[in-house]
Amino acid sequence: MYDPGYSPLLTDLYELTMLAGYFDKGMHEKKAVFDLFFRKNPYEGSYAVFAGLEPALSYLSRLHFSPEDIGYLAGLGLFKKEFLDYLAGFRFRCQVTSPPEGTVVFANEPLLTVAGNLAEAQMVETALLNLINFQTLVATKAARITSVTPNAEVLEFGLRRAQGPDGGLGAARAACIGGVRSTSNVWAGQVFGISVRGTHAHSWIMSFPDELSAFRAYADCFPDSCILLIDTYDTLRSGLPNALTVARELRARGHEIIGVRLDSGDLAYLSKKVRETFDREGFPAARIVASSELDEEIIDSIRNEGGKVDIYGVGTKLVTCAGTGGGALGGVYKLVRIGDEPKLKVTSDLAKATLPDRKKILRVIDPQGNFEMDVLCLNDEIVTPGDIVYNPLRPEERKRVPDNGRIEEIRRTVMENGQITCSFPSLAKSADYCRDQLRRLPEGSLRLKNPHIYKVAMSRGIHDLRSRLIAEYEERFFA
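This note's numbering puts the sequence shown at residues 1 to 479.
I should point out that these hints are in silico values taken from the structure, not numbers from a laboratory. Keep in mind that a hint or two might mislead.
Here are the simulated lysine-lysine pairs, PhoX-like style, with alpha carbons at most 20 Å apart [to be verified]:
hint, residue 1, residue 2
1, Lys360, Lys31
2, Lys345, Lys31
3, Lys360, Lys334
4, Lys25, Lys81
5, Lys360, Lys455
6, Lys40, Lys449
7, Lys360, Lys399
8, Lys360, Lys343
9, Lys455, Lys399
Take these sequences, add in the hints, and give me the full structure.
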């Protein structure tokens, strides 16, 4: 299992000040339950792809404060010695519930539920949000990109533009879960077993007296993995003819050129011209790689214009999660139960209200195996086909659970008493699982613009509990 080796000080200061307060008031051992969820599907889309579980559980299982950590906190002058002594023996012993990585998930569904004592469950808020938010957003971006490239391969080329080394590593991992199964990041290849791919830069071409000499030198070094970057000077008048010369020379020596890369210009037009030329000259197996600030919308336009790209190298906009509705997932971590009392955040904006108590996520699946809707219900509640369920944001809107659907719970216990209780499949298997999940979404869910919005409902039990708690709060605070 990958160990990110994160410090327990990977946290916001207020987590520690709250812990100190709970400890001082004798509340730190009180039982509590928190949900981690996001309020809005990213990229104005219909879904997200859950990722980040393995590094999150690795962090939780190893969480402890070293003498150096305690010494640093003591030097802040904020904390009493008794609290620092408590931190010296601190361990995470909670239960964690989660879907498998690669699961398609939706707004307002609890991705993780953390149940245990208040201090431990509160302490991990920042780190869990950091890990789950970023990797889920990257996996979602990768899934959107691969959804518009059904007959082409996608490579992750974003390390140089990633948000630091750890951002580059995590992005390569999450992108693989979302369907981008190769990376230029050699470290990610070593750590995660992801296939590593790459060619050469324009500086290689410019280091030689001329383009043909550079191509010949590269082919001499890598005769069986030769992909030539052909846009340094002029793609069609220089790069392509020189690449063809080297392709013929390789063939004469018993090797075949793998292909060429386009990194600028009108990629749809250029790829068509390159394809026509290679086919005409007897190299139909030569592949065309395209890069240059690509994302799902640009790739979709290339395809719609008849482009002949075989491999897309996607970098900046994947690892930085760029795009409308991207940038950050906006996941939150909210208290839903303390002691024996269910809790919710009450607000005039229902989009920011929370759903109380421990919950299950039930997925309704039609006879063909496709996903119809999700239902959030209380942990001990039974939901059956035909039951009335409610829109969490507009509870006056009701519908029935489809009569012909089967109902599956999509989350499981992955950590008990601070010990990991699940196994982790390879990233390739998680990517296969994700691909199958996306295939089972309702028609139109994968559209880039105005997608079908998947239905997420709350059960009668949650509806009634939330209504009762809101009425009690209003009576208590506004009577």
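Against the structure, the hints come out as follows:
no.: 1; hint: Lys360 x Lys31; result: 19 Å, holds
no.: 2; hint: Lys345 x Lys31; result: 18 Å, holds
no.: 3; hint: Lys360 x Lys334; result: 16 Å, holds
no.: 4; hint: Lys25 x Lys81; result: 15 Å, holds
no.: 5; hint: Lys360 x Lys455; result: 16 Å, holds
no.: 6; hint: Lys40 x Lys449; result: 16 Å, holds
no.: 7; hint: Lys360 x Lys399; result: 19 Å, holds
no.: 8; hint: Lys360 x Lys343; result: 16 Å, holds
no.: 9; hint: Lys455 x Lys399; result: 10 Å, holds
The structure is consistent with each of the numbered hints, conforming to all of them.
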